[in-house]
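Chemist: Sequence:
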Amino acid sequence: MEITKIKTLFKSSELEELFKTKSSLLQTDKSKTVVDAAGFLKDDYKSVNTIKTNSSKLEIKQRGIEPRSSGRTSSKRLLLTDNQPVANNGVAFFAYLSKSEHNAGAHQTFVFDVDHTNIGGHYSHHTGVFTCPIHGVYVFSWSIYCATGGYVYSELVVNSSPVSGAFVGSGSVANILSSTGLAIVELNAGDEVYIRTPPNYAANGQVVSDLPYRSTFSGWKLF
1 MEITKIKTLF KSSELEELFK TKSSLLQTDK SKTVVDAAGF LKDDYKSVNT IKTNSSKLEI
61 KQRGIEPRSS GRTSSKRLLL TDNQPVANNG VAFFAYLSKS EHNAGAHQTF VFDVDHTNIG
121 GHYSHHTGVF TCPIHGVYVF SWSIYCATGG YVYSELVVNS SPVSGAFVGS GSVANILSST
181 GLAIVELNAG DEVYIRTPPN YAANGQVVSD LPYRSTFSGW KLF
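Residue 145 in the UniProt record's numbering sits at position 145 of the sequence shown, with consecutive numbering throughout.
It should be emphasised that the hints constitute simulated quantities derived from the structure, not laboratory data.
Please note that a few of the clues may not be correct.
[Unchecked claim] Calculated cross-link-like contacts (lysine to any residue; reagent style SDA-like; alpha-carbon spacing at most 25 Å):
1. Lys99 - Gly149
2. Lys99 - Arg196
3. Lys99 - Val157
4. Lys99 - His125
5. Lys99 - His116
Could you put the whole structure together from the sequences, leaning on the hints where they help?
Modeler: Below, the structure written as structure tokens:
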């Protein structure tokens, strides 16, 4: 009887100790689980923030906005300095006769000897010829002034072939008159463009080029 009671007490004590041990382990596992879960949540929070930050940086780059630094917003401007060319292949010229010409002959090229503007250097004030540097579409304009009682035929020529023409005649009007021609031409590199009198028509009288009247020739690359 005593032996049985002792065994029962021993078992009860052993079970109680075992229960405490298990409970302690269970509490430890629970705490560890909570800590692990908190760690996972913290890592997820960091990942979300990282994704948001990277997305914001990508959006800033796509919009071309300078990111803020030290609480200040910096901006950049593209400043064009004086005499800075707009494009590397810019082509344009404007020239005029430095003095009047008397009785220009037939088939005579007008040499506009003052090149006020000559971007690219493709117009020659020695010959009056513009040499095309690159294929494209070009605009040409010229104005011829005629003295009282005279008349002048003029034409725009590309590689010896007339493309456009103009005529001015003052007749009996006691005044200086002018005519202006305009042409839009597709050119290839090496093509030559100039102004001349037609083969069968000499100028009659004086081609005027003196302030305030200027006989001019100009051209530029359109595209």
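Chemist: Failing hints, ascending?
Modeler: Of the numbered hints given earlier, the structure breaks none, since each of them holds.
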